[in-house]
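Engineer: Please take these sequences and the hints and turn them into a complete structure.
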Amino acid sequence: MRANTKTFSLYFWLVAALLPVVLRNIYLLHLLVVALIYSVTAMGLNILTGYTGKLSLGHAGLFGLGAYVSALLSLHEVPVPVAMLAAGIAVASVGVLLGIPTLKLQGHYLSIVTLGFSEILILIIINWKSLTNGPGGLRGIPPISIGSFSLVDEVPQYYFMLGLVALLVWVKARIVHSHVGLALRAIMDSETAAEAMGISVAYYRVMAFGISSFYAGLGGACFSHLLGYVSPYSFQSAESFGLLGMVVVGGIGTLYGPVLGAVLMTLLPEYFRAFADFRLILNAVVTIILLIKAPGGIVGTVQALARRRQLSAPTARGCGL
Amino acid sequence: MGRSDLFVQVVAQGLAMGAVYALIALGYVMIFKAVGVFNFAQGDFMMAGCFLGLWLVSTGTIPLFAALVLAVLLSAALGVIVEIVAFHPLLESPSRSYLMCTIAVGIIFREVAKMRFGADPLRFPNYLGHGVIKVGGAGLSVQYIWITTVAAVVVVLLLWFFKRTKVGKAMRAVSEDREVARLMGIDTDFNMRLTYAISSALGAMAGVLIAPVFFAFSEMGRSFGLRAFSSFVLGGTDSIVGAVIGGLLIGLMENLAGVYISTQYKDVVSFVVLIAVLVWRPTGLFGERGEQRAG
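Taken in sequence, the protein lines are chains Y and C.
Here the numbering used here is used: the first residue of the first sequence is 6, the next is one more, and so on.
Here the numbering used here is used: the first residue of the second sequence is 12, the next is one more, and so on.
Simulated from the structure, these hints should not be mistaken for lab results.
All of these numbers come straight from a predicted model, not from anything done at the bench.
A hint or two may mislead.
Every beta carbon over 10 Å from chain C, so not counted as near; a handful from chain Y, in silico [said to hold, decoys possible]:
| id | residue |
| --- | --- |
| 1 | GLY58 |
| 2 | TRP175 |
| 3 | ASP282 |
Which residues of chain C face chain Y? A partial, calculated answer using Cβ under 8 Å [stated by the list, open to error]:
| id | residue |
| --- | --- |
| 4 | GLU103 |
| 5 | ARG107 |
| 6 | LEU110 |
| 7 | GLU122 |
| 8 | LEU285 |
| 9 | LEU289 |
| 10 | PRO293 |
Note that CB positions come from ideal geometry on N, CA and C, so glycine has one too.
Structural biologist: Given below as structure tokens:
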């Protein structure tokens, strides 16, 4: 089981690392950078949705908050890495605050609280012109620099994001396989039973949403420093559903699912340029079909197939991607 | 115009808006009782009803009131189709899947409306009239009186349907416990479809009622849906009376705040109410589902 996961990870990172060598298409590389940025936030969403069963309809808002916090801090002379970390922490605290009203409630109240939050956030960003420059957005956000080297070209940006995503996948794996991950899954199966086993449902749920928001904020910070420009319209609540779509397509509750989903759902519309107006519809239809026909997404389906094949072999063991 | 006259006018407007929220919120209540999940497409069913009405009226071949009734009936049919195609297969899936599906359906509705009718607000024929009734020094718009009256009649009919008719009783039984109802010989699939038909018809009624006042636009489902959702939570999520009173309260508070505080953040009022209810009184004003049962 572990061996299979390891081989998959190895191939995954090997292919990903070699891509810029093979790929001479700068635009495609830029799209991959964007996809990796989204995958950070999608991973965060997956920690919430995949392991606690709750939905956030405001992750685009949290993503945007991270982007604005980091951009504004760095425009006020705060060093970029500090600004990015601060954005992650700020968004995580906002996430915890948002989670508190829904703590004791069963059902999906968190979805509507996060949806309302992201709508209001966009309202504030658009109307608070002295701070955010309103609908015009922020320009000239300083890039991430390491020493005297700035990440402005696609290839270094790609490797930076790849490294960050690898780190965050590793962190997520550690969380998921720790007692926290086990507690979260117990809560998802039955809150009452988990509570009876002595698991503090409220504590773990807020923690999951906090971590999830941290990922979203960090993703937002990457967005503003790598693209150099933010606009309130990039973070509208329709985008939140786009993030959920990435998680569903890649595979809810899997390690690599959100990354694959983010790459696929970013690249796919580019190949259907003729249907540019249909982007959101396409996304929604694909999501519905997958929810009905392949609820495990790509990774989940592959896992199920591998498991079935191994069951027929003498050493029957699962494959945990 | 005096201060108290302004107050009377704002209250009349608030009640009419509240009646519209209440109709939409009733749809939330019905689906929540039947499936245990919020139907995030409810606001978009309202928008769909509104645009269906607009489209039927614009063909010009059907008399206006027939067109409005037809729009409501078509919306009910749309609800049934969506239930069969998208929602029914997910009935036994985790609730997050069902929820995501309702959101996806809402997005599809919104985008289709945007493609067919554009993103700009469209004028809806004002069949409610322009009249103003003088009450003391205050002028009450006939539109608001009509909206409130029609919504009240619909609510009374709905209550009668659930309390007195056999089908209504069966629907209540299904919402209590789907498995037991099926064992008692109730056709639960038919019931689920009927639930969606009624809830989307309620949304569509709200849509055609408010459109003459507020125009028709593809994002209306979102703003009205969010406010109706607050009404639904304020009313206790499983009570018809609660949803009605919740809707009226939200409508009143929002309009009073709009006049006496600021019009800019009108959406914020319902959201603040929502958070306050979740923090201090999660069962709402009329909620019955207090304690949880171990599943």
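Engineer: All hints are to be evaluated individually against the structure, with a verdict given for each.
Structural biologist: So, going through the hints one by one against the coordinates:
no.: 1; hint: GLY58; in the structure: violated (5 Å)
no.: 2; hint: TRP175; in the structure: holds (26 Å)
no.: 3; hint: ASP282; in the structure: violated (6 Å)
no.: 4; hint: GLU103; in the structure: violated (11 Å)
no.: 5; hint: ARG107; in the structure: holds (5 Å)
no.: 6; hint: LEU110; in the structure: holds (6 Å)
no.: 7; hint: GLU122; in the structure: holds (5 Å)
no.: 8; hint: LEU285; in the structure: holds (7 Å)
no.: 9; hint: LEU289; in the structure: holds (4 Å)
no.: 10; hint: PRO293; in the structure: holds (5 Å)
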